[in-house]
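On the provided structure of chain A, position chain B as indicated by the hints.
Residue numbers (our numbering), protein chains in the order written: chain A, 1 to 117; chain B, 1 to 117.
Honestly, I wouldn't trust all of these hints.
Identical copies go unnamed one by one, so any copy, or any two together, can satisfy a pair.
Unchecked claim - DSBU-like cross-link-like pairs, simulated, lysine-lysine; straight-line CA separation at most 30 angstroms: (1) K77 <-> K105; (2) K78 <-> K105; (3) K92 <-> K78; (4) K77 <-> K92.
Bear in mind the hints are in silico, worked out from the structure with no lab data behind them.
So the chains spell out like this:
Protein chains: 2
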Amino acid sequence: MRAVESAQEAVACCAPLAAATLSDDEAEATAAVFRALGDPARVRIVNVLVTSADPVCVCHLIEPLGLSQPTVSHHMKKLLDAGLVEREQRGKWAYYSIHPAAADKLTAVTDLRGACC
Amino acid sequence: MRAVESAQEAVACCAPLAAATLSDDEAEATAAVFRALGDPARVRIVNVLVTSADPVCVCHLIEPLGLSQPTVSHHMKKLLDAGLVEREQRGKWAYYSIHPAAADKLTAVTDLRGACC
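The following block holds chain A by itself, in its conformation from the complex (with noise of 0.2 angstroms):
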């Protein structure tokens, strides 16, 4: 629940770069969905998870990246702060996919056109 929680209220608060106008809040809320993805072990992950049909288990995400299981645990915990993807817990391990809103906030945050919003 958490998880999705963190996810709706960053969708709420951030803003396209070609906003009219933009709070301080919310240039602060546009930079932290980008600074989640300015790692690239993140950009691995979210690769990982987008090309993947199905939830992936953080168990099966370790040794593709070569990272421990903590530094993964780190890397999921900030993409689901920026509501950029869900959890799912099975048993022991946590299963992740791709937020269904993401693709829709990076192009919202991204546009440069003033098409979005």
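Same frame as chain A, but now just chain B:
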């Protein structure tokens, strides 16, 4: 000249989040584009440039952003290196505008549907 060269280099080497394969260099280059926008001051600067019809003097960014000139110049260098802005020297001052390829680059790297490249 240097600005244009670094922009072209960045365009050439980053990859969309939905890329079928993603090398370490591509993941880093893609993360670098996001990192350049992962700061509220740089989100504000891009917002000012996007919503301006003409190139903007760096001297006109200092007061609205409430930052010192060296800090603004630091942010401009990050945006320049990421290929998101263009720089033109006019006498004493540098003028900045959004790089013509920036919108396409942002659309490309944030593509989660694999439709673009």
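Hint check:
no. : hint         : verdict
1   : K77 <-> K105 : both (18 angstroms within a copy, 27 angstroms between copies)
2   : K78 <-> K105 : both (16 angstroms within a copy, 23 angstroms between copies)
3   : K92 <-> K78  : within (21 angstroms within a copy, 42 angstroms between copies)
4   : K77 <-> K92  : within (17 angstroms within a copy, 46 angstroms between copies)
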